[in-house]
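Asks: One letter stands for each residue in the lines below.
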Amino acid sequence: MDILTSLVVVPVLTVLALFFVKGLRQARAWAAIGTGIELLLAIWLTVWYLQLRGAGHTEEMLFMRDVLWFKSLNIHYAIGVDGISVALILLTAIVLFAGVFISWHMQELSKEFFISLIVLGTGVFGFFISLDLFTMFLFYELAVIPMYLLIGIWGTGPREYAAMKLTLMLMAGSAFLLVGILGLYFNSAPGGGQLTFNILEIARLDLPMNMQRFLFPLIFMGFGVLGALFPFHTWSPDGHASAPTAVSMLHAGVLMKLGGYGAFRVAMYLLPAAAAEMSWIFIILTAISVLYGAFGALRQTDLKYINAYSSVSHCGLVLFAVLMLNKTSFDGAVLQMLSHGLMTALFFALIGMLYERMHTRDIYKMGGLMKVLPVISSVYVIAGLASLGLPGLSGFVAEMTIFVGAFQHEDLFYRIAVIGSVSAIVVTAVYILRAVGIMLMGPLKNPAFADLPKAAWQERLGILLLLVPIAGMGLFPGWLSEMIMNSLDHIVAKF
Amino acid sequence: MIEGVSIQEIMAVSVILFFIGVYGFLTRRNLISILISLDLLLNAVALNMAAINRYLHPDNFQGHFFAVFIIAVAAAEVAVAIAIIVDLYRLIHSVDVEEVDKLKY
Amino acid sequence: MDWQKLILMRDELSLTVLLLLLLVLEIAMDSRRKHQLPTIALALFALHTALGFLPLASGHLFGGMFHTTPMLQLMKSILNIGLLLVLLQAHAYVRSEWVGRERITEFYFLLFSSLLGAYFMISAGDFLMFYLGLELASLPVAALAAYELSRQRSAEAGIKLVLSAALASGVLLLGISFLYATGGSMYFEDLQKGLSPNVLSVLGFLFFFSGLSFKISLVPFHFWTADVYEGAPISVTSYLSVVSKGAAVFVLGILLVQLFPLYADIWREILVVIAILTMTLGNLFALRQTNMKRFLAFSSIAQAGFILLGLLAGDSRGMTAVLYFVLIYAFSNLAAFGVVQAIALHTGKETMSEYEGLYRSNPRLSLVMLLAMFSLAGVPPVAGFFGKFFLFMSAAGAGYYGLVLVAVINVVISLYYYLLVIRAMFLRKSEQPIAHFVSDLPMRISLVLCVAGILFLGLYSPVYEWVLGLVL
Amino acid sequence: MTNFDYALWIPLLPFLSFLILGLSANKIKARAAGLTGVLSLVLATALSLLLAWSYFGAHGGGHEQAYAALQPLKWVWLRFTDTLPFEMGILLDPLSVMMLVVVTLVSLMVHIYSLGYMKGERGFARYYAFLSLFTFAMLGLVLANNIFQTYFFWELVGVSSFLLIGFYYDRPSAVAAAKKAFIVTRFADLGFLIGILILSYYAGTFDFAQLNAPDGPVLSKDWAPVFGGHSLMFWALLLIFMGAAGKSAMFPLHIWLPDAMEGPTPVSALIHAATMVVAGVYLVARLFPVYELVDYGAALQVVAWVGAISALLAAIMAMVQMDIKRVLAYSTMSQIGYMMLALGVSDGGADALGYTASLFHLFTHAFFKSLLFLGAGMIIHALHTNDLREMGNLRKHLPWTHWTFLIACLAISGIPPFSGFFSKDEILAAARENHFWIFAIGYFVAGLTAFYMFRLYFTIFWGRERQYSHKPHEGGWNMKLPLAFLALITLVAGFIPFGEFVSADGLPHHSALDWKLAGSSIGIALIGILAAMYLYSEYKQLPSQIARSLGPLYRLVERKFYIDDIYAFVAKRIMIDTIGAGVAWFDRHIVDGTMNLIGRTTLRLSSAIKGVQSGQVQHYALAFLGGALALAVFFFFRS
Amino acid sequence: MERLLFYLIAASLIGFGLLTVTSRRILRAAVYLFFVLAGMAALYFLMGYNFLAAVQLVVYAGGVVVLIVFAILLTHGIDHRLRLAPAGQMLAALALSLAGIGVSLFAIFSYDFPKVLREPEVEMSAIGQQLLSTGKNGYLLPFEVISILLLAVMVGAIVIAKGRKMKNS
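Residue numbers (the working numbering), protein chains in the order written: chain A, 1 to 495; chain B, 496 to 600; chain C, 601 to 1072; chain D, 1073 to 1711; chain E, 1712 to 1880.
Quick caveat, the hints were computed from the structure, so don't treat them as lab data. Yeah, the Cβ is synthetic: ideal placement off N, Cα and C, and Gly gets one too. Any given hint could be a false lead.
Only part of the chain D face toward chain A is listed, based on derived beta-carbon distances under 10 Å [what the hints assert, rightly or not]:
1) V1148
2) W1149
3) F1152
4) E1227
5) L1228
6) F1234
7) L1235
8) D1242
9) F1259
10) Y1273
11) M1647
12) G1652
13) A1656
14) W1657
15) T1666
Label pairs and their calculated CB-CB ranges [said to hold, decoys possible]:
16) F413/A <-> A1640/D: 30 to 38 Å
17) A1680/D <-> V1048/C: 35 to 43 Å
18) A1296/D <-> T5/A: 57 to 65 Å
Put together the whole structure using the sequences plus the hints.
Replies: Here it is as structure tokens:
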């Protein structure tokens, strides 16, 4: 079996194994083993990929494999990865593995929890390796659906409402997507011949302009919903706020990336002409997302809401960069996906730990936690700094690449839009520091919190799993950026 | 074929009868009288079939036989319906159509 | 006539033999051993189902009144599978007090004769056979709907079904008579040559279409559905929602293409409007239902709307999508009905709120329901996703992108209420949950079969290719 | 050619120290932590002195040739585009080498001093970790060879400043001050970043060498005015200057600096007096050719005026402060204003006197201002208060402090032969040549400076003896030694022929004192000192009487010209309470509300139409027939 | 002559039809239905479809109407008077029926029916032959199917009736 397929098979096997285990201890052990293997696979894949590239393999995709699935419809199970997908696979594996440790004490229906979590992971891995639009769509929805159970069963607050809203909105997004994909399919053989869902094959075509105009908004919006595109982002705050920790991590950290990746890989890559023509509309929307998310976070008192709005802002930046149509900004978009994935996962992990200890997420009920929970608080500060783009951490690398890249756009309108979204960094600083200031610093507000339990080993491990890549990416971004850049030539060539 | 009578006229009669049956179906307050209206309606169709056959396609007896079978099936329908109606009457002591609305919304 | 050609009627004959065998058994069997009858009937029908998969040539009989092709054969097999599952699930029900020992045989007899009607309807080569098949398919069901004699709801369902059905066949017949008047024949083959769109034939077509739509429960011809589904015994409801509806869909698909190719512009337009109406209203009605049977009734109405998308293209791919979908739908819907029936039989509970906390007491049953709901909603990787996707694909292939968009949005709406069921079972906890229970073996077999179907029908692509091969 | 590769170790050593201390996470013993920090700095200082020695010594004395700008190390850190890589590298030129010496020396002093000052504090290791981090960042900033690298370390410097200001994180005022410092400078950095984007977009490079090259992409071209009568380059430079002004606490972005005094005093000495706050000056000096030549130095005019206004306002505000550190903070601001002013008045002439003067002042100021702060630290350490009103007649208790403080005060007031005199005098000379009003302001501020510094000095060391809870005493050798060392430098630094080393064109210049100007500036300084002596050497009612008689004017100054209030209004009322709350409301009620409305409407609709399913079979039939007939009618009317 | 007869029958059909659906005494409605059915049989006779007329009379007049009358007697008192439907429903039904008539008549009268010249006699023997023929226009298969249908319906009807008796006893 090839390595990519095993990325999907391993979680499936893990899920199957989980069906037969009993109790929390076994369940989490198996989940940890399964996701651990997955992480090793992802690392191995990355190394191998870099080796192959280093050895002069310059194909667009590596590890390609193509199995005819529905013969008469020409639906394939077609997989392959380039630098972008490899990076995102690595991210997913890290976050998933960390998520298992963060959920170490999931008491209620623990087995089911890990099953749903890993099913979600399966969808994400499958999505990132897919080269066939059908399988891609299949995995996309597969990744979304477990969210309902994950939030609905293990969530907090208005969990039923949030779960329903999230599921429905994301599914509504995929409705547009589906139509777009079908449109691509039926236009994939302009000279007669076999219709195809294969991305690489469609990319070779030059689709008629009126078709592109029709399909691009559908697909971009479809993915945009998951990418928290204004005004379709409103599932995000409630969803994140209600979700259990690991789910928030995975959702904000990984799942939202599906939107950015899809918008990039499908909407931009396959419909370049329409993308170039219509990008200004979405530039406006995404620029609004960036600022709007940041301003929205300013006044929140619930930590998760702060982070959710922050995600809207950061993911908006991903889509923003994607629309800027040059190599650097594309690179920045991917870097931002990785960076945001890691740090938002870290954020949610920390918030989960805080919530577990204090049973509140209201920053005004906390205060002076730095003294009580030094590790968690310090890491929270670091995550915050990463989020506001401190050099040496991942956020800086991603944001700067985006800004510099986006600013290379010839059109003045786009550059002004860049300046607009750059401004969000100030607002980001304000809301991050506000939260940090109120929650972690100052005198201890609530004496009941004077001796909260310190971070346990699995929590530290989870944190470390996320923190190390954040710092690593921030300090040595070169290889990552090169890996992504090298994969962008084919895409950039379309513009 | 009836001397001097056009097919349109016969069809008109059967259509009118059909919709009289429909009217009855829609307005009667009693399951049995609805059933009576239904019979009216089905027989109107049978008449239509026979007339069309006779006037337009007299080479064979397709419409004619269709009418025969309609009559038979209508009879069967009545049988089932009456069995159920009687059963219903036993349960609620009414055959009023308004009483038959426990299932709704 | 060459009597050897009667082999073409293999399924009809086999089923007729089965019917007669039942009568013989009823008479010959010791009444104390009647409780074995369901098992016997089940075994016989399983045999019959297996027989149906043997290849059979195309051909026609009785001067064209009856014809069969591999596709029609497949349709019958799909219906067989549906009924087989229904029988498995009914196994415990027929032996319950609701049916009573002395009426077991008749229960099977009526179901089988209805299926026979469906066969004839599908294989009909002229309007007369079609009409007789239709009536044979529906009249016994009316009796079955009223089978629970001591329950008013059952009788009410029966009378509503029989009256509405009779009215519908009246309209349908009026339509046939108009078509006959202009086309000059009852035989489809000849009629197709004689028909061309004109005032009278269009009116005839529309009446005919309305009458047939009644069977498929298309909006606005659907009103009977929910009441009948709710009132009838669950097995009968299952049968209605899968076998009856499936047969009618098949027939509609065949007739539109074979009999009314010249009317394509008209029926395409109608189908678009009706599909939108059906999906949307079906969904809207389903949103607020609390009774599980009624809820599933509206859900099945909405599903019928989706099926219409496959008929639009009027090509083999669309027909394949329809067949494939109905097959998947049979498994999914029957899985849902199976769970509802199992619960109703053990606890008498049919309301959604009573399902709260079900997962904690009956995890396996809940998982079956979960899969069924996901499959009905069209969520990957279960089969329903593939079924819907191919339906949408065929409609999009015919250029109906807007309709597909509406349909997919309706999928989202439908997801809402399917999730409500899941919410009740998985998300909620209950003070008095349904206690743990174990269903009888046939029920469990049927649920396992359903789950297997739901899981593998989509992923295992040769099934699709096989269906496509038979349709072509 | 000497190999300067080891320059990399200068920033790297503090970074290693930071890593060690940071990762050990307070588990390390205080003594070991301090030792690590100090040791790394000792090494770094030694290296940088060695480097300066060999760099400046390479030419020998009396040469007439420019110092070469060396780039011993350079590697691509992140490739934005093939032509626009983000490089990390080291740039050695007189400016950076000079800064290297200043930063390492002052940092070393502060590291040593902190051993005593911070003794026994919670988070001692954390303190040293942050201090190391800051030093690393500042050194990286100084050595940066391109503007993006500058920005990189610029931000790091900002965050370490934030961390250090907020060192006493359980003190709400410290937290607020840290936040304020970070956010205000962040806002300024926004301008910086946008400036970089514009600059690099048009120039196609980040590299200082290319940007500054006369035949480079910026200077070889004439930029057409596009906006407000100026070219885009001008606006880019202005935005970059916004960043510089933020870091250097120039008006109107200065409001964070006084509050930043919430941090430990050594931190104030290092960051908020000697090093980080002059980064803005350094940045403008870095890009000096560009500032000087683009749009005929229009941006430089702005720099000059901003510097002058800042110098004046700060000096005025310094006169009324009652917190010792705040007085020093305003004084810092004022002095940096001087430096900016000096840069701004450097005209395009060959010798660009202001440039040298500015950096000279930067150099001298770093030492005497950190001396002042460390002295203040000594006092605070002894008294546990910052309030001037609780001080007096301390010269007996704190003799070391007293003498070193006096030296520093004289230096800052511009009394020869202390270092401040020389540098300030050069600034005034440069200003006089260029712009009268700016010169006038500078001259006036010189007097004010002398006045408020000696107000401070007399109030603390003379005046009335107070009731001290315990007898004030000085810290140990580790605190005294830095004082002494810095005082020594302050004494001698003025005699360094600074122009020989650092100048706008890289060529050595000899500057001679203009005794006429020097005399008048000494004069005004003396006036200031005497006034202060008269008012404050003994306790009198007069100062408060004067304050009262000035009334609203005094209040205006005391309230810091209401600039803080305006900021608070903008930040709190407008940004958070209006826009932030508005967006939050909009999101919850309009955007989310719309989605909920769609959902709820659907459900309502569902409930509303449920009644259609009335249970009456005749109604159903009605619908059935109605549907059929509707179809018929529709097609009749259509065909 | 035939024409006059036709009009007479047609008028009575419509008249009795209307009475059937409007009469407020249900038994009378059944009787009016009988008249309608008989009228139809008369029309069949006129058209020469004697067999059909016979079937109509035997099955309907003889069987169904009797069945209905029994049912009425089982469920009603003899002089039970029916209530009227709500006015709105009546109106809607009326409108719908009129619309249906309108649409259908419009279609019928605007369609140009072909004139059939040849008019063969209806032979009873041909009908009999076709009834049992298996070829084209042969009705053996439908005949068999309807027998199954009737059987099934009988079983269905009986099972409901049988069950009822069981419960009662």
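Asks: Does V1148/D meet its interface restraint, that is, does its C-beta lie within less than 10 Å of any C-beta in chain A?
Replies: holds (7 Å)
Asks: Holds or violated: the hint that Y1273/D contacts chain A, with Cβ atoms closer than 10 Å.
Replies: holds (5 Å)
Asks: Do the numbers back the hint for L1235/D, that is, is its least Cβ distance to chain A under 10 Å?
Replies: holds (8 Å)
Asks: Does the interface hint hold: is W1657/D within less than 10 Å of chain A, judged Cβ to Cβ?
Replies: With a minimum Cβ separation of about 9 Å from chain A (threshold 10 Å), the hint on W1657/D holds.
Asks: Starting from the range 35 to 43 Å, see whether the pair A1680/D and V1048/C falls in it by beta-carbon distance.
Replies: For V1048/C against A1680/D, whose Cβ atoms are near 41 Å apart, the range 35 to 43 Å holds.
Asks: Does G1652/D hold up as a contact with chain A if the rule is Cβ-Cβ below 10 Å?
Replies: G1652/D check passes; min Cβ-Cβ to chain A is 3 Å, inside 10 Å.
Asks: Answer holds if the nearest beta-carbon of chain A is closer than 10 Å to that of T1666/D; otherwise answer violated.
Replies: holds (8 Å)
Asks: When you take the CB atoms of A1296/D and T5/A, is the distance between them in 57 to 65 Å?
Replies: holds (59 Å)
Asks: Can you verify the interface hint for F1259/D: is its Cβ closer than 10 Å to any Cβ in chain A?
Replies: For F1259/D, the interface hint holds, since the closest Cβ of chain A sits about 5 Å away, which is under 10 Å.
Asks: Have a go at the F1152/D hint: is there a Cβ in chain A nearer than 10 Å to its own Cβ?
Replies: holds (5 Å)
Asks: Tell me if D1242/D is really an interface residue toward chain A, meaning its C-beta lies closer than 10 Å to one of theirs.
Replies: Because about 5 Å separates D1242/D from the closest Cβ in chain A, which is inside the 10 Å limit, the hint holds.
Asks: Classify the hint on E1227/D as holds or violated, based on whether any CB of chain A lies nearer than 10 Å to its CB.
Replies: holds (5 Å)
Of the hints listed earlier, there is not a single one the structure fails to meet.
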